[in-house]
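Colleague: Chains A and B, in that order, give the protein sequences.
Counting in my numbering, the first sequence runs from 1 upward without gaps.
Counting in my numbering, the second sequence runs from 438 upward without gaps.
These aren't lab readings, by the way, just hints derived from the structure by calculation.
By construction, the Cβ of each residue, glycine as well, lies at the ideal position given by its N, Cα and C atoms.
Hints may contain errors.
Stated by the list, open to error - Think about it this way: if two alpha-carbon atoms lie no more than 30 Å apart in a straight line, the pair counts; the simulated BS3-like pairs of lysine-lysine are:
hint, chain 1, residue 1, chain 2, residue 2
1, B, 536, A, 295
2, B, 512, B, 677
3, B, 512, B, 694
4, A, 80, B, 536
5, B, 677, B, 694
6, A, 80, A, 295
As the list claims (entries may be wrong) - Where chain B lies over chain A, by a calculated footprint (3+ residues, C-beta under 8 Å):
hint, region
7, 39–48
8, 286–298
9, 301–308
10, 417–425
As the list claims (entries may be wrong) - Over the 10 Å line for every Cβ pair with chain B, so calculated as not near, a few chain A residues:
hint, residue
11, 36
12, 62
13, 67
14, 96
15, 102
16, 119
17, 173
18, 198
19, 202
20, 239
21, 246
22, 250
23, 402
Each chain is listed here by its residues.
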Amino acid sequence: MSAVVFAHHGLTPAERLRDAGWIAFVALILGVPLIGLTTVDVGGRLAVDTRFGLLAMAVIAAFGGRLLMRWSLDHLGARKLARQRAATDSGAGRAQQVVNVLGWLALGASVALPLAFSDNRYVVDTATTVLIYVMLGWGLNVVVGLAGLLDLGYVAFYAVGAYSYALLSTQYGWGFWEALPVSGALAAAFGILLGYPILRLRGDYLAIVTLGFGEIIRVILVNWTEFSGGPNGISSIPRPSFFGLEFTRNAPEDGHSFASFFGLEFSAMHRLIFLYYLILVLALLTHVFVSRLRKLPVGRAWEALREDEIACKAMGMNTTNIKLSAFAIGAMLGGFAGVFFAARQGFISPESFTFSESAIILAIVVLGGMGSQMGVVLAATLLVLIPEFGRNFAEYRMLLFGMAMVLIMVWRPGGLLAHREPTLRLSADGKAAKGGA
Amino acid sequence: MSTLLSVRNLTMRFGGLTAIDDLSLEVPAGRITGIIGPNGAGKTTLFNCLTGFYKPTVGTLRLAHPQHGEMRLEKLPSHRVARDAQVVRTFQNIRLFPKMTVLENLIVAQHNVLQRASRFSIAGLFSLPGYRQAERAAVARAATWLERLQLTRFADHAAGDLPYGTQRRIEIARALCVDPVLLCLDEPAAGLNPRESAELNELLLYLCREQGVAILLIEHDMSVVMNVSDHICVINYGRKIAEGAPDAVKNDPHVIKAYLGEDEEEGVMEEYTEERAS
Numbered sequence: 001m002s003a004v005v006f007a008h009h010g011l012t013p014a015e016r017l018r019d020a021g022w023i024a025f026v027a028l029i030l031g032v033p034l035i036g037l038t039t040v041d042v043g044g045r046l047a048v049d050t051r052f053g054l055l056a057m058a059v060i061a062a063f064g065g066r067l068l069m070r071w072s073l074d075h076l077g078a079r080k081l082a083r084q085r086a087a088t089d090s091g092a093g094r095a096q097q098v099v100n101v102l103g104w105l106a107l108g109a110s111v112a113l114p115l116a117f118s119d120n121r122y123v124v125d126t127a128t129t130v131l132i133y134v135m136l137g138w139g140l141n142v143v144v145g146l147a148g149l150l151d152l153g154y155v156a157f158y159a160v161g162a163y164s165y166a167l168l169s170t171q172y173g174w175g176f177w178e179a180l181p182v183s184g185a186l187a188a189a190f191g192i193l194l195g196y197p198i199l200r201l202r203g204d205y206l207a208i209v210t211l212g213f214g215e216i217i218r219v220i221l222v223n224w225t226e227f228s229g230g231p232n233g234i235s236s237i238p239r240p241s242f243f244g245l246e247f248t249r250n251a252p253e254d255g256h257s258f259a260s261f262f263g264l265e266f267s268a269m270h271r272l273i274f275l276y277y278l279i280l281v282l283a284l285l286t287h288v289f290v291s292r293l294r295k296l297p298v299g300r301a302w303e304a305l306r307e308d309e310i311a312c313k314a315m316g317m318n319t320t321n322i323k324l325s326a327f328a329i330g331a332m333l334g335g336f337a338g339v340f341f342a343a344r345q346g347f348i349s350p351e352s353f354t355f356s357e358s359a360i361i362l363a364i365v366v367l368g369g370m371g372s373q374m375g376v377v378l379a380a381t382l383l384v385l386i387p388e389f390g391r392n393f394a395e396y397r398m399l400l401f402g403m404a405m406v407l408i409m410v411w412r413p414g415g416l417l418a419h420r421e422p423t424l425r426l427s428a429d430g431k432a433a434k435g436g437a
Numbered sequence: 438m439s440t441l442l443s444v445r446n447l448t449m450r451f452g453g454l455t456a457i458d459d460l461s462l463e464v465p466a467g468r469i470t471g472i473i474g475p476n477g478a479g480k481t482t483l484f485n486c487l488t489g490f491y492k493p494t495v496g497t498l499r500l501a502h503p504q505h506g507e508m509r510l511e512k513l514p515s516h517r518v519a520r521d522a523q524v525v526r527t528f529q530n531i532r533l534f535p536k537m538t539v540l541e542n543l544i545v546a547q548h549n550v551l552q553r554a555s556r557f558s559i560a561g562l563f564s565l566p567g568y569r570q571a572e573r574a575a576v577a578r579a580a581t582w583l584e585r586l587q588l589t590r591f592a593d594h595a596a597g598d599l600p601y602g603t604q605r606r607i608e609i610a611r612a613l614c615v616d617p618v619l620l621c622l623d624e625p626a627a628g629l630n631p632r633e634s635a636e637l638n639e640l641l642l643y644l645c646r647e648q649g650v651a652i653l654l655i656e657h658d659m660s661v662v663m664n665v666s667d668h669i670c671v672i673n674y675g676r677k678i679a680e681g682a683p684d685a686v687k688n689d690p691h692v693i694k695a696y697l698g699e700d701e702e703e704g705v706m707e708e709y710t711e712e713r714a715s
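Isolated chain B, as found in the complex (with noise of 0.2 Å):
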């Protein structure tokens, strides 16, 4: 199990505040990394940083991209990270292009290899058939994505009317067809129902045995974190406090603390271990 981004050091400051605080962390390939952590532990900054929204203040980032060798991500801008790195993220409030129609979203998640096709738009102008090609292409890769997430049925619609867990698929569609190394998902169950919740644990499954993406997984959903997750890291004001698989960390006793407080040793960790066994 090899190494495909490894976590170093890595710090982020806002002025006095300290999100992130010396946090290290290796993310293996073709697993699923789930990282929890109480509301404004620093999940969500770290995968800004990740992604080149944030730059570190201190601290590497490196990832093994499978083609093209050893790359800094704190280095990359934030498209050439998924353009380059492919190491493509969702939102915790969801980003869709909310007027374009659900197909045209999955085919700007391919812009960069059509606007090459499109040679400066003068291909595209004239409608040649490299460009036609590309194009058709694109369309049949998103409706492959559209097949398998259930949505081709909504493909024609403006992305921005469908429901909330469509909405939610259409981005994890829309990241897939940018064909990532790394995926990473910030809260991909919140506002899922239970049935939902259980599709997208099987589609996170599919996603990591069958196409081999490396997966890093933000959720509060327990339900979800502890039933996919090879692994899972647990951050607590911007540290780690705990790593491991997930039993290990469902009774790690720092874990219990942060989210529970001193006292209560019982409870919402219980329910999760009762859940997962049903």
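One chain only, chain A, in its complex shape (with noise of 0.2 Å):
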């Protein structure tokens, strides 16, 4: 078939076309036997039938499906291409495109999940939790992951944005996408609170007095009755709107609800749905802004202050900025999560910003591998998902899950995804590596 085309040069559209054209007529010869003449029992003998409809789309989807599969392994080809002709070490290379792939993966899956599953309340619900690891995990990811110091009181600031919230809506009614920005700046603030005293500590020290803090803040919002409701908590918080419209069996008497103004009929389901986009919304702005900012100077100071403080002061990096710009970067993540989790629960108390749930975001940081973005999706699934799965074993729900840890630690140290990608290379800025091997 000669007139398939296998050129190594860039195909123009009209090469793709009549490529795909070819493998279509192919799929049609093939198809008139296979699929379009068919034997059918009539009256106790057999007689022939025809499915050209269902030829015809056999090979409209042999096209398409061709189209489709040059395109996507030319642009594998060429990438890796690229890759080699960038003189690293292929293996990492090849690491990094399965990562790449399955990121996409995960992206297309997470937002079909809720069409699929859309009257399945339970599996929605397990979703926007798994997210909100997710979001939380890519906040940590920044000051444990890439700055290097240890925290284990991030779920303070998760609590002050999920605070934050809850005061400005109830006490103020503040609309969530108003106090969204609001509470994220606290949470920042309360960052560079906590990160003033400790900046000259390091490693355990530091670990403790996060520790600390994380609990302060606690027990502030346990003991402050009258500011934060006390054990009790703060109940009937405003939940988001879409983009005004709420998410109610009536529709108010000037207006419309979300239902009567898509002509719906009314179903708890959207709600839910609605809050489940909204944090896939969040987490990918988070991944974006946090990738971002990865390849920036403060991105890149963040690692080499992990890497080595006193190399970052010998080279003229105000480390108590780095530190700081960190904690705050950190916090305010934090914060949104917060924020979403209050508007999301419509009720926060105490009670959902213990030490563990500190422990359990950093277990999904260095489980996933520290700094690797994909690492914290990985391991936000695993830890709220085994968990859910264990439930069938009742009282040994826990006990499967510290194993299950303790397991995947063992088989890879460094975390589940521990390849670090550079944040530039030398041949990727147009100048060729000369030296190249």
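Each chain sits in its own coordinate frame; assemble them with the hints.
Modeller: This is the structure we're talking about:
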């Protein structure tokens, strides 16, 4: 089949179409006996029937599939070539490719999930929880994974975000979208507040102080009843609306509810699905934000700080600012997650912000592989799903959870995805590595 | 020949231990000044005082900066010594950012320039032209030094995975990316083989003669110190015991005594002389 193109140069659209056309033609020839004609049993004897509609569909599928296949193969090939030219460890390059593909698959799956399970409350709810932890993991990843500052009190910022939104909305009638940036800024301020006293601390000492900070926030929330409602927490926190449309059964008198505006029958699932997409968007924004920051001077400074603080100083970097910026950004992202958490639950109390939450978030970052964004997704999914699947084992649930964590850490001591992708390459900047191997 | 750095009456005490005792020293601009002395003589402590890692107990460190005028190094925190005074050091036990690539190491060294260009990361986040240009310039600068130090083929490798001698060169390249006025090298030849040492000599002379960088050099490898230094200062027990041109220092009785003890006056020092002559 000389008409099927095996060219090694880039294909033009016409060539691609012709290539796909030939494949469709082959599919047609093969398809006539295989699909187009079939035997049916008519009153005890065989007769031939035709299924040309199905055949046409098969041919179109072959045409489209071939186009898609060639296109993706070319792209993969081109990327592979570029990577080989970059003269880097090809094993690591391939690992990164797999991670990238996994990432896009995960994104596709997470976008499609509520559509597939639109009447399964449990699945959508659990997926939302996974996404909250993913977002928290990404936030903490800045502090622990990138800047290398061990923070055991991360839940404090989650609490600051949640309580900010709860108080702003119940006391002052603020909406979700107004409260989101303010709560994030408040959490960031708390991050800096925590950052100042511990600038000189490292490792274990730092961990203990951050642990203390997390407890201080929780104890304040429990005891300062007039402010936070104490152990009773804050209830009837308003839910976020869809561009002003509430998710209520009955439309307000002067407007519409979500269901009535779109002419849908009211379903409690609408809100859950909306919340799911909301956290998905927030998490994706977090991901884009953190990934971009990592490739900027500030992100590289965080990583350099993790690698060697003294060398950072010797290079003229103000380590105070670098640490504070890591704490502030990490805390802000935790605060955003907290706002969403409060809006989703409608009720918050200090119970939700105990040390075990901090430990789980930290476990997500460590288990995923310090600094790895995809690792966080994988670890968050595992850490939320393992206890869920373990429900059948009743009291052995946490035992199972602990065992799974031990096994993972034995199997992969550097975390699930320990590979680190450089923030920039010499060859990628148009300067061919002259002495390149 | 103007003085770049003048150290006056520097004293550094740790509790009861006096690491540097009333040391005075002049470092000329555009020259290589060697600092030698037996182990524990206080050489690295001197570097730590110079670069702001230690606050001297007594004494002044005046830097005649070509652009910013006189600066008092003992009053600056370590990061400002490197950023504002442009006095940059390397470490005796190499301190790279091991998991980052060689190129990233060199880009991190240009953090302050890039951070300013990224305007609190906002210009960077949106990848505005000003920032992109600054980043390209930083990469170009790094590429130049990589090329000069024959490191280009390692650019995208994790710095910590490379051989020792290569890591030494990377550390020097990284320090050069900070754009130093005074480069303080703490035993750059330690662990290098003879060929690498010879290359180091050539590099130091290039930096000093062609780039006009003043170099302060702590080194035990006499084939390096004696060959490249314009001026050598010998320290023992925190005090300066001799100073002068390499040949003068080599024959100074105090120096021979410090290195070899009272009785043996021949041996190691003679060896250096022969080596140098060959």
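Colleague: All hints, please: hold or fail.
Modeller: Structure-based check of each hint:
no., hint, verdict
1, B/536 to A/295, "holds (15 Å)"
2, B/512 to B/677, "holds (23 Å)"
3, B/512 to B/694, "violated (36 Å)"
4, A/80 to B/536, "holds (23 Å)"
5, B/677 to B/694, "holds (14 Å)"
6, A/80 to A/295, "holds (22 Å)"
7, 39–48, "violated (count 0)"
8, 286–298, "holds (count 6)"
9, 301–308, "holds (count 5)"
10, 417–425, "holds (count 5)"
11, 36, "holds (54 Å)"
12, 62, "holds (41 Å)"
13, 67, "holds (32 Å)"
14, 96, "holds (13 Å)"
15, 102, "holds (22 Å)"
16, 119, "holds (40 Å)"
17, 173, "holds (32 Å)"
18, 198, "holds (18 Å)"
19, 202, "holds (15 Å)"
20, 239, "holds (31 Å)"
21, 246, "holds (34 Å)"
22, 250, "holds (44 Å)"
23, 402, "holds (29 Å)"
When each numbered hint is compared with the structure, violations occur for hints 3 and 7.
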